[in-house]
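*Asks:* Protein chains in written order, with our numbering: chain V, 589 to 832; chain D, 819 to 1158.
Derived from the structure by calculation, the hints contain no laboratory data.
Wrong hints could be hidden among the right ones.
Each computed DSS-like pair below joins lysine-lysine, with the alpha-carbon atoms no more than 30 Å apart [stated by the list, open to error]: (1) D:K991 to V:K658; (2) V:K658 to D:K1156; (3) D:K989 to V:K658; (4) D:K898 to V:K602; (5) D:K989 to V:K602; (6) D:K1156 to V:K597; (7) V:K744 to D:K831; (8) V:K684 to D:K852; (9) D:K1156 to V:K602; (10) V:K812 to V:K825; (11) V:K684 to D:K1156; (12) V:K684 to D:K1006; (13) V:K800 to V:K663; (14) V:K744 to D:K991; (15) D:K991 to V:K674.
Coverage of chain D stretches by chain V, computed from C-beta distances (three or more under 8 Å per stretch; other residues unrestricted) [to be verified]: (16) 981 to 995; (17) 998 to 1011.
For each residue, glycine too, the CB sits at the ideal point set by N, CA and C.
Given next are the chains, with one letter for each unit.
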Amino acid sequence: MKDSVISVKNLVKKFGSFIANDNLNFEVFEGEIFGFLGANGAGKTTTIRILSGLSEPTSGEVIIAGFDAKKQAEKIKRNIGYMCQKFSLYEDLTVKENITLYGGIYGMSRELIRARTNELLDRLRFHEYENRIIADLPLGLRQKLAFSVAILHDPKIVFLDEPTGGVDPITRRQFWEMIYETAARGITVFVTTHYMDEAEYCDRISIMSEGKIVALDTPENLKKQYDVDSIEKVFIKIARPVNN
Amino acid sequence: MLVLVPAVTFEIKNVRLCIIDKDMTQESRGLIGKLTGSTFFKVTFATFSETEANNLLHRNKFDLILNIPSGFGKDLVTGKPGKLMTTIDAINSSTAQLSWAYLNGVIRDYNMNILTNNFNTIPVATAPQIQITNRYWYNEMLNYKHYMLPGILGILVTAIGFLLAGLNMVKEKEVGTIEQINVTPVRKYQFIIAKMVPFFIFGMIDLAIGLLLGRLAFNIPFVGSISLLFMCAAIFMIAVLGLALFISTFSGTQQQYMFIAFFCMIIFILMSGIFTPFESMPRWAQDFNLINPVAYLMRINRMVMLKGSTIHDISREIYSLIVIAICFTTLAVRRYRKTA
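Pulled out of the complex, with its shape left as it was, chain D reads as follows (with noise of 0.2 Å):
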């Protein structure tokens, strides 16, 4: 979790830039002086060529070209708009989207300070404008921290329940202990809830560790209800472990069983709304969510942590995970056959 929190940001920082300044004027030097300045950008290159720009921006060498146009100082101090061109490498379309947002907030800053310098010079329509104040609720910085580690624990307890009840089941057919189970009177609902136990515990206990990273490392807010929190955790473990039960009764080796549920666990978590927004999802993929319990943990734990809801604001979450919890333990149940 260490690693992968910080990992996952989408903050931006060090986007590598490459500078065609060919106005080379006051004005110009000063926008570049505000790029270097902010923590965003780096300049990596300057050159006055810009098909060896583009060459290496092919090459990766940088991420983003600015290219100031000569006449740009001038017309800036003669009142027209100034001209510039920026060419992003957009594989990541998310990085490039946020450069480009960072790069015209840069800009859009340097403007600014023309307008006041140059106030009295120059004529400017100074209309009363409307200025936008924006605040962030539930997460004010905007951390991407304190978003992604309520994600991420619910993946580790995900890939608790879901890994290792299954491969300790698997395991019990491939050595043949299983067998001698089977011939004994015990009954196929003591057998899976003995199965799930541990695990459970297990997984528990590693929400609890999480947490407490999380806070020590982090310092993640944590505004609701611990016991909440874990209540639902609670929840979602049953809701797992029943699906990796289920799953194993179908898989005869550990390698089929670690195939089928490393897919259902990479679809569950992709759809669940770690990385992106649920509401941004196509139809089909929201219901599909109806049934994802990760999905449901990934809005609990979010909105427990961050924003302190309380039992009544995710009465929803919480009867949907009771009864996916409910269905894959039967289904487990049902389907673990004592006599082949």
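Just chain V, same shape as in the assembly (with noise of 0.2 Å):
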């Protein structure tokens, strides 16, 4: 058994009456690709943002890379990367720009910046675009960079919150191509996800549904469970809230 890197205990978020997250319990394994899925509004964004800091939860323990939630939050951050459904680099800053900037963020030194810089480039052949503001990249390629600079500082794990939403099937291959590398490197990919077949790539998959976790296995062992062909007809079985 590998170590664990995020380990949740009893978790709950509540809004007002809303119960968001329903006591949650799982745990993520290093340098496993944890697929986390569910419906729209059954909690994934909820609880990704209190996994990666920026919600504190109402109760329940939360152990990220060895550290807790409530009381070493700042100690987390180091030891993660993120990267949300919303665009999230600088749109008038250039790729080189927002990568610096951020390598400075997390105190990276400038020539660490700078071999990164180069790699990262090399690996999307990216030097065409190195002097161009974000804002004139197509989708595909500023998600690429985007989740680059998530990983640029070497985290131990990475949360990827609907990485590849809006995005074209070639792109969406070479995106995944890049979140295998990333964790044979050993950093733990967590991601959400509403495409199936991307579900089906994933070490070990959670499905959640209103606020609770209602399946948490391989995808080879859950659609055994199921009895079903594909992890979609899984979904559909369990996640489908009963009034729809």
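Take the two lone chains and join them into the complex the hints point to.
*Replies:* Structure follows, in structure tokens:
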């Protein structure tokens, strides 16, 4: 068994009387690609925001990379990367300026930033874009860049909130190749998605419905358990709220 | 600034004057001639009917009616006091008072002429008179531009700090980039300072350009020390930026921010003493101005530029600004939350 990098026990998050996360319990292990699935409004984004320190849990215990989310939020932030569904690099800065900015924020040295920037631009074949501002880049390229920036500082875990939303199939495939490379480097990938084919690429997946985790296992086991041939069918069987 | 400085002047020129001359003597025409010759008045209408004159005043055809009753000339010649009546459109009370004062000046001048002309024929009380000579210090020509420019400069610097910095911060919230910043280990004070620095620099450049323009376009005197002025403006900038960022922490959208910021800015500017003298404000307004950074800046700008005040003369203002700057900035840092 590998070491656990995310450990969630009895996590509850309420907004007034609305319960967004209802007693969640799960663990994510080092180097794993963990798929976090659920219908719209099931509470995925709330969870990912708590795990990345943007939001405080109402109750429960959250340990990320060995630190307590309640008491050591800032220490957690050094060890995680985050990329959300809303595109969040600075649109009026160039590719290079964005990389330098985030490198600087994470306290990386100039030489290290320069080396990583070159490496990153090589990997993405991005050299022709390095002095273009982000607003001029197509969405697919932006998302790939945002992901690369999120792991620039070699975090232990990277959280991806619907990273491939609205992206074409070819770019999505390339994006998942990047996810695999990242996991191979030992960085744990925590990813939410609505694409069920992407769910099949994950090591383990959890499915949320109405604030609760209703299934958590490897894709193979889930398919076996529900006796269907795709995760999409599993999802339809269990993730759809009753009243729909 | 080139537009504002001449526009906000209190000087009055070309007061439109209507004359009802029922006297038609050499004396009345002499008075009218004197009024026409002055740069302040322009005779736009003459009539014999008071009703017509009043109607036209009502329709804003002119600002002032001068009624010279018949017998005015006769009274003057025979040594009785001459009577005149004026009606002034006082919608803008300060314009009305000023035009009245100008008119009075012209009439007094005319009086003196009569006295000297008739010196031999009419016995005049020639008791020694007290002559008052005024000398206006620091702005000898009572040039309103010299008074307004330091104030307008203050407003420009305020606007830059207040609007740009806050909008920039709120825009980050709208676009979502602030989330990306909030998941990084960046410290709150680092983020706030990073948000201040560029606008601080803008403000200083703006001030430099403003001073240069004032010098070239309006020939504004600069008696005091430029570096002292910049030092004060720098402290002021920090105070305003701190307040702007503080407000931005509880505004979700740019519209919301603009609304609150405009509200604060208008209050600060109107109460700062730019148009109305600080000393004549009611007690509570003066108390409010203890926390109004713009009020301090107005005083400092004028004192340093026109009076040549030194750092000792304005030390109270400087200390107050420092305290305000520290308070607002601390508030901004404390209110800014990385975690919801």
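*Asks:* The structure should be examined with respect to each hint, and the outcome stated for every one.
*Replies:* Structure-based check of each hint:
1. D:K991 to V:K658: holds (24 Å)
2. V:K658 to D:K1156: Holds, at about 13 Å.
3. D:K989 to V:K658: holds (28 Å)
4. D:K898 to V:K602: With Cα atoms ~92 Å apart, K898 of chain D and K602 of chain V exceed 30 Å; violated.
5. D:K989 to V:K602: holds (28 Å)
6. D:K1156 to V:K597: It holds: about 23 Å lies between the C-alpha atoms, which stays within 30 Å.
7. V:K744 to D:K831: violated (75 Å)
8. V:K684 to D:K852: Violated: K684 of chain V and K852 of chain D sit about 74 Å apart, past 30 Å.
9. D:K1156 to V:K602: holds (19 Å)
10. V:K812 to V:K825: Roughly 13 Å separates the two Cα atoms, so the pair holds.
11. V:K684 to D:K1156: Satisfied, since the Cα-Cα distance of roughly 26 Å is no more than 30 Å.
12. V:K684 to D:K1006: holds (25 Å)
13. V:K800 to V:K663: Holds: K800 of chain V and K663 of chain V sit about 28 Å apart, inside 30 Å.
14. V:K744 to D:K991: Judged against 30 Å, a Cα distance of about 27 Å means the pair holds.
15. D:K991 to V:K674: holds (12 Å)
16. 981 to 995: holds (count 3)
17. 998 to 1011: holds (count 7)
Checked against the numbered hints above, the structure violates hints 4, 7, 8; every other hint is satisfied.
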